[in-house]
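Chains as they are written, first to last, in our numbering: chain A, 3 to 494; chain B, 3 to 153.
Simulated from the structure, these hints should not be mistaken for laboratory data.
Any given hint might turn out to be false.
As the list claims (entries may be wrong) - Result set (EDC-like, lysine to aspartate or glutamate): computed pairs, CA atoms no more than 20 Å apart in a straight line: (1) A/164 - B/58; (2) A/185 - B/77; (3) A/299 - A/197.
These figures come from a predicted structure and were not determined experimentally.
What follows is each chain in one-letter form.
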Amino acid sequence: MVNISVDNQKIEVEENALLIKVLQDNDVEISHFCYHEALGVDGNCRMCMVEIEGAKRPQIACNTLCKEGLKVHTKSPNILKVKQEILELELINHPVDCPVCDQAGECSLQNYYMDFGLYGSRHSVEKTKKAKHVDLGSNVMLDQERCVLCARCTRFTQNISKSNELFIIGRGDQARVSSAPNKPLNNPYAMNVIDLCPVGALTSKDFRFQQRVWFLDSVESICHGCSKGCNITIDHNTTKFDNDRIHRYRPRRNMAINSYFMCDEGRLSFHKENKKSRHFPFNASTLRTLMCTDESKKVMLANASLSVENLSILKLFCDKYSIELFSLPIVDETFGDDWLRNSVRSANASALEFLEISSSYEAFLKAAQTSKLLININHPLLFENIESHAKIMHFTTHDFEDMGDMRNIVSFASYSHENGTLINSDNIIQKFSKSLHNIHSENTLHHIFTQIDNTLYKTQETLWSGYISKQLGLGFSDIQKMGTKLKGVNNA
Amino acid sequence: MRKIFELSPQNLEKLSALRKQYPEQKAIVLPLLWMVQNQLSYLSEEGMQFIATELDVPYMHVYSVASFYTMFIFEQPKKHLIEVCRTLSCALNGADDVKAYFDDKCDDDVEVIEVECLGACGGAPMCAVDGKYKESLDDAKLEAILKELKC
């Protein structure tokens with residue numbers, strides 16, 4: 003450990019730590035375009051200039067290593083002037099079309115300009131014209147005029163996705179990001195370049211022109227697309243004549259799971275979440291008669307993407323009324339890869355083991371054939387016609403084909419409508435939060451089943467302290483913000 | 003069927019010599035781009051793909067390098083090329099007029115472009131016609147060039 007001083011404040015850091023990282027970790031504002039924790043140092047944007055005592059000129063913080071006695075000034079008049087000049091250079095050919103730019107409100111260039119830009123322009127020559135809307139493929143739109151050439155996107159395709167679609171071509175004021183002719187962006191993680199882009203050069207075809215970012219509410223959540231459990235931010239809002247709707251998912255930093263990234267399929271999965279089912283209200287007494295009083299054999303099939311809380315309440319309910327409970331994780335071998343996409347497409351498949359819920363397909367088929375009533379909790383298997391003479395009671399979050407007798411359908415809140423926890427494929431348990439507040443938010447599975455049986459745990463807190471913490475071996479408050487690794491069932 | 007590019011025997015010999023010369027294979031991108039352009043008179047997609055596979059670098063790397071240099075071209079060129087120098091000495095001695103003259107008089111077989119200094123400032127204004135320098139241009143010399151190109 004060495005001592006350095008930043009703006010006259012003493013900080014103890016590890017020797018040879020990267021100065022820009024130290025500044026970020028200590029909440030010192032440091033402007034930058036090209037440096038990114040996941041992409042490493044490039045040093046081309048020059049925006050992270052700091053003054054170092056003893057050095058002749060300003061130095062870039064992203065390429066400075068911390069040594070004993072390093073004295074750094076980030077806000078001296080000289081540094082502000084340097085940054086102003088660099089910004090002036092960046093803006094010579096920038097169209098300054100913030101009013102129609104989708105990045106406005108979350109644009110580094112805009113923020114830095116407001117902080118230390120030179121407000122009046124000194125240039126009289128015409129700006130260089132480049133392509134304004136290039137469709138790079140994979141939902142990514144490029145505006146070459148807005149680009150600051152930080153090369154984050156090209157470094158992503160070179161070093162992280164390793165697909166090498168994007169490079170900087172040309173030189174001087176004609177330098178621009180581009181893909182080769184007839185070779186569009188084509189990799190399952192392509193849309194991450196949109197988040198990486200610090201300015202409005204790369205925007206999402208899916209999100210652009212939909213909403214201003216300052217009208218969006220952000221909630222921390224977990225992607226339910228597969229069992230990897232990528233951390234996401236759900237951006238949603240209620241517009242004047244519309245319900246509360248999700249407008250985009252963005253990956254959220256979690257170094258233990260997804261770093262800064264997520265796959266495109268997960269990112270676009272919010273469209274399904276917006277397409278909620280019609281509202282099918284439930285009648286507690288009818289359901290009670292159907293599921294609790296009848297002595298005949300009953301089988302329940304739960305979707306393995308349900309939260310730990312929901313699976314637990316189902317488990318308790320089924321145990322009490324001797325309903326056989328199964329949950330079959332959905333496996334898609336074509337989906338998985340060795341990074342963020344997992345072949346197990348059910349977000350909470352690892353929880354089944356902890357909650358002792360059977361996931362045997364054969365056993366389920368056997369049980370389903372002899373049962374009088376099948377209770378389907380949002381499992382796609384039963385939405386298709388399965389060969390069974392039993393009556394099927396559907397609890398669903400989304401409309402499905404061939405809904406048949408609508409009296410046998412109850413709609414319930416999907417994951418964006420309630421709080422919960424998930425256990426991912428690496429046995430890391432994580433919390434996700436409620437984002438949407440609309441007509442579906444009332445009817446959570448927990449609400450429905452506690453209405454059917456009043457003796458079950460009334461709230462998620464009591465459910466955790468009474469049942470789940472016993473099963474998992476940790477309490478709700480023990481779960482860290484970035485998730486907590488659980489000990490496996492066998493070596494618990 | 004897509005055309006596949008192949009180097010000529012002479013160029014193949016040069017390539018194997020270059021491989022020994024450079025410890026870093028990426029360094030051969032530029033000489034190879036020249037060979038392809040000399041063979042085809044421009045850089046085709048197949049040609050650049052050949053370089054990428056030969057040196058085991060991404061196709062976009064080859065394309066990016068080639069696009070950096072104005073002397074590499076990506077489309078089948080016209081029959082003749084006139085490069086008009088526009089750097090200081092020539093600019094002061096009327097490079098603009100030379101360019102305007104060629105733009106006006108040349109037909110579709112001739113490509114007229116402006117380039118930076120060709121190192122013949124003593125003979126400003128000057129141009130290069132298909133690589134051959136024509137210096138101290140005046141009206142008579144310009145006409146002679148046109149006659150030579152049969153415009």
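Quick rundown of the hints versus the structure:
1. A/164 - B/58: 13 Å, holds
2. A/185 - B/77: Holds: residue 185 of chain A and residue 77 of chain B sit about 17 Å apart, inside 20 Å.
3. A/299 - A/197: 52 Å, violated
Hint 3 from the list above is the single one not met by this structure.
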